[in-house]
Amino acid sequence: MTAIVENKPAYDGKELDLSGKSGARAFKNVLATVLIVAAFVIALIPLIWILWTVVSKGYHLLLSADWWSQSQRGVTVRREGGGAYHAIMGTLIMALITAVIAVPIAVLGAVYLVEYGKGTKAARAVSFMVDILTGVPSIVAALFIYAVWITIFGFNRVGFAVSLALVLLMLPVVLRSTEEMLKLVPDELREASYALGVPKWKTILKVVVPTAFGGIVTGVMLGLARVMGETAPLLILVGYSKNINLNPFDGFMGALPTMINQDRTELALQPAADRVWSAALTLILLVLALNLLARLVARFSTIKSK
Amino acid sequence: MSSPDGTEPPDRPAEPAASGGEPRIEDVVDTTGPAAVHFETLTDENDDGRPAAPEPEESKKKLDLGPVGHLGDRLFSGLAHGSGGLVVVIVAFVGIFLLALAIPSLADNNTSFLFSRVWEPGGSDPKFGIAALFYTTIISSIIAMLIAVPIAIGVALFVTYYAPRRIATPVAHAVDLLAAVPSIVYGLWGLLFFAPILLPVINGLSAALGWIPLFEKPIGDNVGVIFTISVVLAIMILPVVTAISREIFAQTPIAHREGALALGSTKWEMIRMAVLPYGRSGVTSAAMLGLGRALGETVAVMIILTVPNGNDPWNSSIFAGGETFASKIANNAAEFDTPEKTGAFIAAGLVLFVVTFLVNSAARLIVARSAPGAKRPRRNRRATEGASV
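Going down the list, the protein sequences come from chains A and B. Each residue of the first sequence is one higher than the last, beginning at 1 in my numbering. Each residue of the second sequence is one higher than the last, beginning at 307 in my numbering.
Derived by calculation from the structure, the hints in this document are not laboratory data. Honestly, I wouldn't trust all of these hints.
Claimed, not checked - Derived CB-CB ranges, DEER-like:
#, chain 1, residue 1, chain 2, residue 2, range
1, B, 412, A, 267, 33 to 41 Å
2, A, 180, B, 514, 42 to 50 Å
3, A, 187, B, 412, 47 to 55 Å
4, B, 619, A, 100, 48 to 56 Å
5, A, 267, B, 421, 34 to 42 Å
6, B, 448, A, 31, 21 to 29 Å
7, B, 395, A, 293, 42 to 50 Å
Unchecked claim - Listed below are the simulated BS3-like cross-link pairs for lysine-lysine, each with C-alpha atoms no more than 30 Å apart in a straight line:
#, chain 1, residue 1, chain 2, residue 2
8, B, 647, A, 242
9, A, 206, A, 183
10, A, 200, A, 183
11, A, 183, A, 118
12, A, 28, A, 121
13, A, 28, B, 573
Note that the structure is predicted; figures quoted are calculated from it, not measured. Glycine included, every Cβ here is placed at the ideal spot set by N, Cα and C.
Bound conformation, chain A alone (with noise of 0.2 Å):
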């Protein structure tokens, strides 16, 4: 109030600039704007130097192709030659093998925590174990599948164990996306469906799930995304092979992130550099082509929000 009676004899001498703002807000406006550009730039850098390194030390075996049809069998870090067919192979068939069962569950999870639980409190516990579980560290996954799996139940170490620890890693990703899917299936559609006399079970299967289909496959890709690239499950549940090695229930299998750890030890030889490299950029571009291949199913899923 004061100010303004102050003013008052200022405004008939000078005219009252509304345009612009006080010199130190505007010097903070640009100065946030200078800070949230350059975190942008700093957040790309990484990225840009990590795929540069990738992609200019691993493209030229990638090129030839022994590089999709051979094994490592007989190579030493030394000599060069040899593919990664057995580790593409292991990691496709551990990553294919977590789908199958993780898929279900985790399918069937969703429909129960939107269409049979709803608001109840057990499906709050459901949905709160699932946040859990979206948190448990691959490690943890891999030490739990060990106590089980090896020194309770006295198996081997397989390919199969390490595709129950990343099923506890995949379960959670596809769960979740799921849910958002089918909250997304507008609720005229299920009872249109129970006013035809349709049961609660078909109408979940014939309309509900086919018409969050498109979202259900997004999440599934985004999950194997993020099981491919593990490493710590792989490390401790099944030894790395340089063979070709297709069975998940024995002896040890070859998969690229175990690769690229055998001969990271012998960078300095240009042979196992080489290979390291390779089958780095090998395991970016299956989980890219996942993630791509996720989004583009996404863009052209069938829910459309009203």
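With chain A held as given, fit chain B onto it using these hints.
Just chain B, lined up with the frame of chain A:
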């Protein structure tokens, strides 16, 4: 008495079919509809203090048991409930099994598990404690969070409010790409390419702040230190924190933002007064989730962090090497030969599980209390919408 029966004609026509080959007098009476009076008299005749109500309830049950899709419903509902329950069982089992295998080793432990820094499990005189592991894990993750969160907020603000829409989407995808890089690649890149350029930073920090034990640099130019993994972990958790912050910031009610601008705020003032307060709890929980990720990260830490020599005195500086829970377990995976030894590592894993459990639960609690998705802001939005109409 009879009026409830009279008002439920739709149940009736199906009833004879459901009850099969036992035509009863009640059915006949009831399907005739208007003869409610007869019905009442009939039940009155049979009445032993039992009203007519139980009878229609029984027939209703029979209707529900009707043939259409019942078995499928039961099965499917069972499967769905079972899957929900399975999730709870899995988490419970993780805790129970780890505990069951850790207890025997903990019982044989000849030193304080929580406060000792020695790690010599197995043998005739097993001694292992997690103090050093706990310290390294927590300090590296907290520094990672302190580095990552401001940058993540900056990137999220850039994507939501500063970048033109045409750039914003690719930028968002690019940052998400960081999440697609496997952690072992971070480890290799961090050790071979990134750590060397951190050396001047380490030297500078220790020169300026070296009088604090936390920043005291040990002799030698080792770059495989806690500080380095903190920075690499910060890069690794950046996509998670950014993605969540981005979503929260984008949800700021447009009325809040326009209100701020209409009052003459600069863009930054609008962000500070409308966007940031609105997103505070969301960003906090994102930071906690990022912290949870950093705590459990294994391979990158294992590759970068130098394991101190057994004879060296313990060093609390962030410019020294060390081991986290996860890297300790992964480094020694080959040593799981006896149950006693394995039990010691499983005990360490259990502590890690409990710590991440607590951190993630805290994140959830923060979200549940005051997330933008929760009650308060939604009410605000509705109120402002109402006002604008």
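Cross-check of the supplied hints:
1. For the hinted restraint 33 to 41 Å between residue 412(B) and residue 267(A), the CB-CB distance of approximately 39 Å keeps it satisfied.
2. Between residue 180(A) and residue 514(B) the C-beta distance comes to about 47 Å, which sits within the given range of 42 to 50 Å.
3. With their beta carbons about 52 Å apart, residue 187(A) and residue 412(B) fall inside the hinted range of 47 to 55 Å.
4. The supplied range of 48 to 56 Å is met by residue 619(B) and residue 100(A), whose beta-carbon atoms lie about 51 Å from each other.
5. At roughly 39 Å, the beta carbons of residue 267(A) and residue 421(B) sit within the given window of 34 to 42 Å.
6. Checking the proposed 21 to 29 Å range against residue 448(B) and residue 31(A) shows it holds: the Cβ atoms sit about 27 Å from each other.
7. Take residue 395(B) and residue 293(A): their Cβ atoms lie about 32 Å apart, and the range 42 to 50 Å is violated.
8. Restraint check for residue 647(B) and residue 242(A): satisfied, since their Cα atoms lie roughly 29 Å apart, inside the 30 Å limit.
9. Straight-line distance between C-alpha atoms of residue 206(A) and residue 183(A) comes to about 16 Å, which keeps the hinted pair within the 30 Å bound.
10. For the hint linking residue 200(A) to residue 183(A), the alpha-carbon distance of about 16 Å falls within 30 Å, and the restraint holds.
11. A distance of roughly 10 Å separates the Cα atoms of residue 183(A) and residue 118(A); the hinted pair therefore holds under the 30 Å criterion.
12. As the CA atoms of residue 28(A) and residue 121(A) are separated by approximately 48 Å, the hinted pair breaks the 30 Å bound.
13. A threshold of 30 Å between alpha carbons decides the hint, and for residue 28(A) with residue 573(B) the separation of about 10 Å falls inside it, so the pair holds.
In this structure, the earlier hints numbered 7 and 12 are contradicted, and the remaining ones agree with it.
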